[in-house]
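Per my numbering: the sequence shown ends with 412, consecutive numbering throughout.
Some hints could be false.
[To be verified] Simulated pairs of lysine-lysine, DSBU-like, Cα-Cα distance not exceeding 35 Å:
#1 Lys202 with Lys179
#2 Lys202 with Lys228
#3 Lys179 with Lys136
#4 Lys263 with Lys202
#5 Lys136 with Lys278
#6 Lys179 with Lys278
#7 Lys202 with Lys136
#8 Lys(-15) with Lys136
#9 Lys263 with Lys278
#10 Lys(-15) with Lys278
#11 Lys278 with Lys202
#12 Lys(-15) with Lys179
#13 Lys136 with Lys263
#14 Lys179 with Lys263
#15 Lys136 with Lys228
#16 Lys(-15) with Lys263
Because the hints were derived from the structure by calculation, they are not lab data. From a predicted model like this one, the values you see are computed outputs, not experimental measurements.
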Amino acid sequence: MKVLLTGANGFVGRHLMTSLVEAGHDVTAAVRNPGAFRRQWPSVDAMACDFMTDQDRQVWRRRLAGFDAVINCAGVLQRGPGVDPEAIHYSGPAALFDACSDLNLRKVIQISAISAREGVETEYAQTKCRGDAHLMALDLDWVILKPSLLYAKGSYGGTSLIRALAAMPLAVLLPGQGDQLFQPLHLDDLGRAVVKVLEDPVHARTILEPAGPETLSLKDILLLYRSWLGLHGAVCVAMPLWLVKASCRVGDLLGIGALRTTSLQQILEGNCGDNQGFEKAIGFRPLTLCESLQKAPSDVQDRWHAQLYFVAGFVTFALSATWILSGAIGLWVLPEVGEKVAGRIGLYGVAADIAAFGSCVMDIVVGLWVASRRAPGICALVQMAIILVYSLVLGIAIPELWTDPFGSLVKNLPMLALIPVWAVLARGK
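Can you make the complete structure from the sequences, with help from the hints?
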């Protein structure tokens, strides 16, 4: 079949795309940046699409010519700058589904979530619910899949957070008692299920809850991952939920990965479904978490990622604070100190004032840029260039700074080493 796959560049979408291609289907990926997508997947066709703006069924009608099926797995956990769950989960998909109805493109598969049900008050769940309801009201051969916790050899979002918690150096921290229940499902098994419901016409106007064959507590999952990572055993420490919620609010403010209020609420709402009905419908038994982990042993990259997950946020904070405080302190001590330093490099009067003030403002701007984590590669080059210029100019004009017991210039060396590390860690995916 010729299949349009939305959200193809996401964690779930990439794995579904692989399963569909391996099954012999002709997949077109609907993504926001087709050029970047083709660099990674040169053999897969790509189409520009963005649910944030593409909310007109006429736009989708023009795009859907020649397709036999549509699979929507676009999703976002939480609202943020330029990210609207209402548009991504409801308005955009509704326009797509309406266009399918107009063209009688009957096969539509919607990847929803186990928590997309009445009573779950997160914006994520409610907008997913509205998208599901809109599709169900149409005369199409729709299938809605509501998976439990999805995992793979790699990780993203919630699974990255789970690995990071499992890899804590001294203790495994548990939200509450760690008794929240999950039915983990490997993305390869979800891919097999998607291929099955796509190809078999018996699966129409059906809701399935893809879930693994066993129910595990969050504590069980963390300990399994810690063992898989090859780390020594650790004491499990129960964190009060009020403290976990406070940490998630900090994560909301700083935009730290999956450490968000919505993530916690989704965990607390429950993640178990009808795994027996799912297995009966797809005709095979998915692997357990333990079986999947044993089939794909961890590598050093897995341990690095798990152990650096929380460090990434601290590195961003430390670099940003260093630049901002450097500039702010510089402005505080101007003009006396600024004039002395400027005089040592041959600047006086207005030129000295401009140079001192400009360098302080530049430091603050760079610090804010680091905090935003936008264009980290370019930002890293700018930071390193500024530090090298500072070190060169001041090191030549004021050579005694090299022997300063407080390391005025020597401290630039670890900064130069840390910045490229930050540039890598700052890339979310």
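Q | Enumerated hints in conflict with the structure, sorted upward | A | none
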